[in-house]
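Start from chain A and add chain W according to the hints.
Residue numbers (the numbering used here), protein chains in the order written: chain A, 28 to 374; chain W, 1495 to 1814.
A couple of the hints might just be wrong.
Simulated pairs of lysine to any residue, SDA-like, Cα-Cα distance not exceeding 25 Å [claimed, not checked]:
| id | chain 1 | residue 1 | chain 2 | residue 2 |
| --- | --- | --- | --- | --- |
| 1 | A | Lys115 | W | Ser1773 |
| 2 | A | Lys160 | W | Pro1643 |
| 3 | A | Lys157 | W | His1566 |
| 4 | A | Lys144 | A | Pro297 |
| 5 | A | Lys209 | W | Pro1635 |
| 6 | A | Lys235 | W | Phe1631 |
| 7 | A | Lys160 | W | Gln1656 |
| 8 | A | Lys115 | W | Thr1639 |
| 9 | A | Lys235 | W | Leu1636 |
| 10 | A | Lys115 | W | Phe1768 |
| 11 | A | Lys253 | W | Ala1755 |
| 12 | A | Lys115 | W | His1566 |
| 13 | A | Lys209 | W | Ile1624 |
| 14 | A | Lys235 | W | Gln1656 |
| 15 | A | Lys157 | W | Ser1752 |
| 16 | A | Lys253 | W | Phe1631 |
| 17 | A | Lys253 | W | Thr1524 |
| 18 | A | Lys157 | W | Ala1755 |
| 19 | A | Lys160 | W | Thr1639 |
| 20 | A | Lys201 | W | Glu1565 |
| 21 | A | Lys209 | W | Asp1774 |
| 22 | A | Lys157 | W | Val1749 |
| 23 | A | Lys160 | W | Gly1650 |
| 24 | A | Lys235 | W | Pro1658 |
| 25 | A | Lys209 | W | Phe1556 |
Selected chain A positions facing chain W (Cβ under 7 Å, derived; list incomplete) [claimed, not checked]:
| id | residue |
| --- | --- |
| 26 | Gly87 |
| 27 | Pro219 |
| 28 | Leu222 |
| 29 | Gly226 |
A few chain W positions that, by computed beta-carbon distances, are all more than 12 Å from chain A [as the list claims (entries may be wrong)]:
| id | residue |
| --- | --- |
| 30 | Ala1525 |
| 31 | Ala1537 |
| 32 | Ala1564 |
| 33 | Leu1592 |
Since the hints were derived computationally from the structure, they do not count as laboratory data.
Backbone N, C-alpha and C define an ideal beta-carbon position, used for all residues, glycine too.
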Amino acid sequence: MKTVIAGLLALMVGSFAQPAQAQTLINGAGATFPYPIYSKWFDEYTKIDPEVRFNYQSIGSGGGIKQVSARTVDFGASDGPMTDEQLKHAPSELLHIPTVLGAVVATYNLPGAPKLKFSGDVLADIFLGKITKWDDRRITALNAGVSLPDQPIVVVHRSDGSGTTYIWVDYLSKISPEWQQKVGKGTSVNWPVGLGGKGNEGVSGQVKNQPGALGYVELAYAVKNKLPVASIKNAAGKFVEPTIATTTAAAAGAARSMPEDFRVSLTNPPGEEAYPIASFTWLLVYRDQPNEVKGRALVKFLWWMSHEGQKYADDLLYAPLPTQVVKQIEAKIKQITYQGKPLVAAR
Amino acid sequence: MAVVATTVPATRAAPRNFGDRALRVVLTATASAIVVLVVALAAEMIRASLPAVRAFGWRFLFTSTWDPVAEHFGAVPFLYGTLVSSFLALLIAVPLGLGAAIYLAELAPVWVRAPIAFLVELVAAVPSVIYGLWGIFVLAPLLRTWVQPALGATLGFLPLFQGPPYGIGMLAAGIILAIMVVPYITAVSREVLLAVPNSQREAALALGATRWETTRIAVLRYGRSGLLGAILLGLGRALGETMAVTMVIGNRPEVALSLFAPGYTMASVIANEFTEATSDLYLSALIEIGLLLLAVTVIVNGLARLLVWSVGGPVRRPRE
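Pulled out of the complex, with its shape left as it was, chain A reads as follows (with noise of 0.2 Å):
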């Protein structure tokens, strides 16, 4: 019996240390809101190296940028970029590389499910409390044609704490200076006004059952549950649509202007099509890896993730790249060394 017992250990320990010893596991945590993407990523990555695998773990953004700074996970994804300060406590230097982008819509529950068009002044001081009703002068005259009904604007929210909170309140801080006074940007705020609902599902749930709401959602969400969605006011001076093409045009807008690091906020960019209300996603990788062979495959794959990755953002309703910035991601991820000796040969 011991030896059957024995031998049946034996044979199982082979066998699962056969291919464990071939294959590079990858650890990764934080955002949530690309985890979609990430796990077909991930899932198609393997496919064409078997010699990787990646394990990832969408505990928030905050979580991410954690462990990542304690080097528990081999890279972190982040919705919002991380702060000087947080940079400045990580262990080494750490690199932001923009994966896809996403867009925050408005959304609202009125009489008819009008088209409506919202400026960004005008958004800010309904989310301050300035405008209540929907037959404001303001907003009327944005929206030549449509009738607005003499009804009090019921604003709302996310109340977990998201990287669709952050993009949002990033566009009312550049908008609006009393916004940035008063409340400011984080993934949580402080709101003057509204209630509170969790999740996309939280707020969309709300905005359906209460006549007269507006709040925000995910672009990605808001196009499955078919809501009606707000075109906004973009720097140019035009009514841009929410849709994947103008997301990845708000990108193309900013190219010009990225900083190296590419911790940038792309809300109200420049450019005729631009959506003025989205943002990158980012991972966060260190510049010298401390693992030859994880650094290679993790290069390799932020390699692929750029370039033929991107065709996969579509279907999922994420916003793919827009070729600058691929070309600016190519130099950064040449940048990535091991003992200071680059893991990627310049092509």
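Relative to the frame of chain A, chain W by itself:
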């Protein structure tokens, strides 16, 4: 240990064979594990909340601003929301739950008892996110279109029922919690009532008591500590409930007298903001909220236990 040895039979104090000794060691270990766990939990939470305690001191307990951007944190709205929503829930759930339990134990025909008891247990097993979704899509619209306008029209002179009817808010949270707590109170109370010896009832009936008098004097009085235990169990669930409450309470850190207004609870704010809390002070403030929730639970339970002792006898919680 020495005290125990003098009062219990010798066989328990000094086990004779290996099996008994092993069992004793294992069981002692499991019992101490609970103590260690609670102590470790409290210690870790105190340690992690130190930065917030240092930064805000007692102000944390007496201010009501919650601004993650400027990093000003105060716990008042959350304390208030947790206590009000829980007591509102008990206000609704206790008469309902006890009434159902008395019916099931004392009055219901035998063929009705088993199916209803089964349903009660089924309701207790429904996950809280389901209650939350039901709250958003069914309860809140119902409250907004029918209940709140009616309450506002009839009792609107009370500050409790003023303000715009959103549906979502403290009232919705209280009702959802009541619905979640009722099955617990019913199931445990029913067990308590069934455990009351029949001789009690027979004695009361023999003295010429009516059905209601028998129930009141012989059954409810006899089982009162157990019934309080059932209510406590319900209260415990209401204080700590997170998901369903978050989905319907409106998540607004504000102390508003009106039950129509949105509120916030301690458990909800932790669940909502913990994952994306990036700064150390922010995280620490959230952990201090958790510590506060633990303290509130301990205090409320302690008070309730005092109440039970004052009406006679320690709580007897029947096994679930």
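Which of the stated hints cannot be reconciled with the structure, identified by number in ascending sequence? When the structure is compared with the hints, numbers 5, 8, 11, 13, 17, 27, 29, 32 turn out to be violated.
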